[in-house]
Amino acid sequence: MKLKKLLIASLSILFVLFVAACSDSSTDDSGKKADGKEQVTLNFWMFGATGYEELVKEYEKQNENIKIKIKTSETADHHNNLFTALSAGSGAPDIAALELDQLDRFRDAQDRFVNLYDMGAKDIKGEYLDWKWEIAENDNGEFLMGLPTDIGPKGLYYRLDIFEEAGLPTDPEEVSALIATPKDFKDAAIKIKEKTGKPMVASMEMMYRAQLDALEESYFDAEGNLMIDESGNGVKEAYDLAIDMNELGLVGNYAMWSAEWANGVNNGDFAVELGAAWFKGWMESNAPDAAGKFSIATLPTEYSGNWGGSYISIPKETKHAEEAYEFVKWLVSPENQLKSFKNNGLFPSAPAVYDMAEFKEASDEYFGGQSTQTVFAQSAQKIGKVYKGKDYTSVHDEILAALVNSQAGADPEKEWTEAIKRITTKLDR
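Per this note's numbering, residue 351 is the first one in the sequence shown, and the count goes up by one each step.
For the record, the hints were derived by calculation from the structure and aren't laboratory data.
Just so you know, these numbers come straight off a predicted model, no measurement behind them.
Just to be clear, a hint being listed does not mean it is correct.
[To be verified] Derived pair list, reagent style DSS-like, types lysine-lysine, alpha-carbon separation capped at 30 angstroms: (1) Lys710 / Lys689; (2) Lys421 / Lys475; (3) Lys417 / Lys387; (4) Lys669 / Lys472; (5) Lys417 / Lys475; (6) Lys692 / Lys475; (7) Lys419 / Lys692; (8) Lys689 / Lys732; (9) Lys732 / Lys475; (10) Lys417 / Lys679; (11) Lys417 / Lys689.
Assemble the whole structure, with the sequences as input and the hints as a guide.
Here's what the structure looks like:
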């Protein structure tokens, strides 16, 4: 009987000690843990297939007082919803991704965002490509809208069998040397057409973007003035390039992102794509039959632009700016950019990654084992700062419409003039 009472007493003491131990890490009535750290929930709005969900889980394990709720939307819906929330002054998340082409749309709402320089961002500025970082600054360089995530350096995706049939080299370094200037590109396109009967490029849009994406100022200048019809502006030159290549039969008629376009890649209906680093993922998913039939070379400097990429910002509405910044800084660190590249193909904007063994030694089975990322790393370091302008997308769509109409038989000069009229009318509203 005494032994039984002794066991009961011992178990009771152990239970009390167990509860006390558990309570050391529990949340008290004030919403704080016993160690003094506040329980914080951060709402993170983003778009696209970034794979950040896995990194969020990793961060939460390392920071038990932080919970991050992700909301993913289509690109247009995401930015429209964010703009609406910021305009209303309520409903914005703690953290929001901003796509490069949309970034300038939010500059007028700069006062609705946390200045990341106030959070200590200058301490990490040197870890990122200069041009990528500077795009997120305001005109005087004193305000930083977001921290850099991925980028979209462009490369020459070329079909091996078509180049071989045309009598052109197929080794990536030899192709880079062969097509080192816009004239070289055109000469190669003419030879491919003569020898194979196939166009060089899939679409007018792809040919137009070849030169457009490399312009530091395209549709607008840094003050937001429309520059598209000004003398010396490179947009008309890019437009004329696409028209000229089309008239020579060097451009196909495959609408980008269409099933016909994917079939064209699969079947080898055209010789090259002038795509960004992320385009590899699209090819692997949409043109599986083309595996092993493409390699990637560098583009001429005049065509080595950037296509795509994002930033991560912190709306001023947040009550947890410090916690949000610490997470964002961690998320886009070189080490985590390497993880995002390996897991989801997001091309790093932190050049330190380019020297990491895991980056350099990676190979693409789809591209015959080529280390394609080293090609894009070369391109990334040749790109200059680009100013898009808040109305970039609407202006861009009008020029693309003019190119489509021209390819269908309309007069290119008339289409250009009409596009400028539509653009001017839109901007004057």
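Results for each hint:
no. : hint            : result
1   : Lys710 / Lys689 : holds (13 angstroms)
2   : Lys421 / Lys475 : holds (28 angstroms)
3   : Lys417 / Lys387 : holds (13 angstroms)
4   : Lys669 / Lys472 : holds (22 angstroms)
5   : Lys417 / Lys475 : holds (27 angstroms)
6   : Lys692 / Lys475 : holds (23 angstroms)
7   : Lys419 / Lys692 : holds (23 angstroms)
8   : Lys689 / Lys732 : holds (24 angstroms)
9   : Lys732 / Lys475 : holds (18 angstroms)
10  : Lys417 / Lys679 : holds (16 angstroms)
11  : Lys417 / Lys689 : holds (21 angstroms)
Violated hints are absent here; each numbered hint is respected by the structure.
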